[in-house]
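Build out the structure end to end from the sequences listed, making use of the hints.
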Amino acid sequence: GENVEQHPSTLSVQEGDSAVIKCTYSDSASNYFPWYKQELGKRPQLIIDIRSNVGEKKDQRIAVTLNKTAKHFSLHITETQPEDSAVYFCAANSYSSASKIIFGSGTRLSIRP
Amino acid sequence: GAGVSQSPSNKVTEKGKDVELRCDPISGHTALYWYRQSLGQGLEFLIYFQGNSAPDKSGLPSDRFSAERTGGSVSTLTIQRTQQEDSAVYLCASSFNPLSSYEQYFGPGTRLTVT
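Protein sequences, first through last, are from chains U and G.
Take 1 as the starting number for the first sequence in this note's numbering and just add one per residue.
Take 114 as the starting number for the second sequence in this note's numbering and just add one per residue.
Chain G residues, not near chain U, derived (Cβ > 10 angstroms throughout): (1) Asp131; (2) Val132; (3) Glu133.
Incomplete in silico selection of chain G near chain U, CB under 10 angstroms: (4) Gln154; (5) Ser171; (6) Pro221; (7) Gly222.
Everything labelled a hint here was simulated from the structure, so no lab data went into it.
Think of the CB as a built atom: it goes at the ideal place given N, C-alpha and C, for glycine as much as any other residue.
This is the structure:
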């Protein structure tokens, strides 16, 4: 079936440095790619998303890039802060089976003070 | 406005008992998803509803798991003859657009512990 692969599974960066999380997807028809952040003990929340008609989207310190040819997309967090520590999930919609969102396995990001 | 709500927030049950988990999606959201999240793990897809129908049940772990949705709104996830490996947080999410290309809003989850 269709899937979304995410890496790394864990990432530790110094406060103020940048963090990059990468995902690949298999369904060439996918056209919506959201990123969710899940803080410890809380529910996942959407932080940014991108659609296939654009290659990059920014929102303050967060940016996503999309390469449809290679079927991969990335989350970039600049000037990391302690509150960025969380688990991040990428996702892609898939039309091959009943049209649903497929999540990656998650990246646990830790920001070192 | 009101978000996605789930009940109960916590459930402790004995092995072999049946449990029923409830999800109230955001009003007007046609898509509803159930996920399972074990401690420190990712989001395991269970089942997806579009209106009252379930186009994709592929994630249900076994025939002990079932779900239904009535009136295009409330959904219940039932686990029969619970096992210890069923212990996890069960998350529900709803989305406005049936083409799965809009934000999913998650509920707070039900933490299930099977003793």
